[in-house]
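Assemble the complex: chain G is given as a structure, and chain W must be docked to it using the hints.
From first to last, the protein sequence lines are chains G and W. Quick note: the first sequence uses numbering that gives the first Met the number 0, first residue 0, plus one each step. Quick note: the second sequence uses numbering that gives the first Met the number 0, first residue 0, plus one each step.
Hints may be right or wrong, so weigh each one.
[Stated by the list, open to error] Calculated pairs, BS3-like style, for lysine-lysine (alpha carbon to alpha carbon, straight line, at most 30 angstroms):
1. G:Lys348 with G:Lys269
2. G:Lys362 with G:Lys348
3. G:Lys388 with W:Lys4
4. W:Lys42 with G:Lys388
5. G:Lys269 with W:Lys42
Simulated from the structure, these hints should not be mistaken for lab results.
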Amino acid sequence: MTDPLSKQATATDIARAVMSAKVKAAAVIEATLTRIETSEPTVNAFTDVLAERARRRAAEIDAGTHRGPLAGVPFAVKNLFDIKGLPTRAGSKINVDGPKAQRDGSLIRKLEAAGAILVGGLNMGEYAYDFTGENAHYGPSRNPHDTTRMTGGSSGGSGASVAAGEVPLSLGSDTNGSIRVPSSLCGLFGLKPTYGRLSRAGSFPFVDALDHVGPIARSVEDLALSFDAMQGWDPDDPVCTDRPADPTAPVLNEGIGGLRIAVAGDYFAKGGEPEAFEAVATVAKALDATRTIVIPQAAVARSAAYIITAIEGGQLHLPRLRTRPQDFDPDTRERLMAGALLPGSWYVKAQRFRRHYRAAVQKLFKEVDIILAPATPCTAPKLGQVMMKLGGVELPVRANLGLFTQPISFIGLPVVAVPLHKPGGMPIGVQVIANHYNEAAALRVARHLEKQGVASAPAA
Amino acid sequence: MADEKPDVGTLVDEAAKAIGLPIAPQYRANVIVNYERSMLIAKPLLEVEVDDELTSAPVFRP
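In isolation and in its complexed conformation, chain G is listed as follows (with noise of 0.2 angstroms):
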């Protein structure tokens, strides 16, 4: 077993360590915050950290008062939770002048119901509409891999503090890629449940059609653990599903026998850089999926859903952008102007769309369980770069690292990012996508990935 106080430490083997007594999590939280202190100058992950919580915390575990099946695992969140005592900054200058959390968001008191210890708040692009993991406020979150290199966003911080190796687990959101799109260009796993399957309650929204949020891990098993502790209904989300919980854990090491995989051709085989492909590839092939299958009118999904972004998110801060235009992050506020001009009859148009097309993706997933694509297509980017090429093509950076998550997450699919490390390369990822609320199917194929050595998220 990983040492647990250790960066390369996952989740799992923390809880287990602690649970055993093998270790106190009082000293798993000052290795933590070790660890914090000597990677923030480069990777610049964190907003807030939350050390006396976090070692009172600790205390309240070793004393046994709060065990879980995550005892005494530190986890960071995006700052667009709140966290009882700050501002929810949601990556923002301009809600730091706003009030102070009344209590921790719904996902953070369930981690810590299971016995996890929160112990920061994360670096995000603001607002939550970025793709990049850069802000104007903040500073770039970087990536621990290449730190010359983007993370992706926007959950930057999410994505680089578990890089890092600073904690083994963190909460992002993902409108349209957030939390895959990290996962990608920093490495890691990362889970986007079906939409509604988790509760935001307590986090700061951007568009309420298409907001999701999970979790992002060095490893399955932790990104299973940590969605069932935070699995289950929740009335102050209106979206979130009343279905009874659906535990993965248990089912996690299946294998992937009876499951029809396929991979997603057209849209999702185009218009990316070969590394792209070349990951899908791999992983199709370990998974001896042979199968092409097309996911009809994805390049509408992905029209659609950045209309329905561009004007929800518009109208979210319209009173903002009324009184402090100048107070936010350059990339950000024009794109929030224009989105709020936007005319409404197509964000009723991309919304009729959206059922429809969803029809249409349900039949496939009656001929097939598992569809593969890629989580962006490329690797990460450099700091502050504009323009990238795909295919071929100059194409603007913000805009097209979510190409080809938009057309998923717009229909509130799971998907499972799983990374692939190439000696000497950048790391990329590739979605595994499953049928709503069937979480467990994609987990079990990451899980068979990772236990094959073709996945895996070293810290770096």
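Coordinates of chain W only, in the frame set by chain G:
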């Protein structure tokens, strides 16, 4: 969709007035760039036909 291209500068100015959003001169050009980018990305959606019976799926529960 009509082939005639709108004057996006005027469109942005007038729509901003209609919703009470002051756009400072230093932001205006980039708002126009972003509006034009949205028009381009919206194209596949605007070109597709949807049946009259196809309603959206709101989550509002009374």
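Evaluation of the provided hints:
For the suggested pair G:Lys348 and G:Lys269, the alpha carbons sit about 26 angstroms apart, so the restraint of at most 30 angstroms is met. Restraint check: the Cα-Cα separation between G:Lys362 and G:Lys348 comes to about 22 angstroms, which is no more than 30 angstroms; the hinted pair holds. For the hint pairing G:Lys388 with W:Lys4, the CA-to-CA distance comes to about 28 angstroms; that is within 30 angstroms, so the pair holds. The hinted pair formed by W:Lys42 and G:Lys388 meets the criterion: a straight-line CA distance of about 22 angstroms does not exceed 30 angstroms.
Between G:Lys269 and W:Lys42 the alpha-carbon distance is near 19 angstroms, which keeps this suggested pair within the 30 angstroms criterion.
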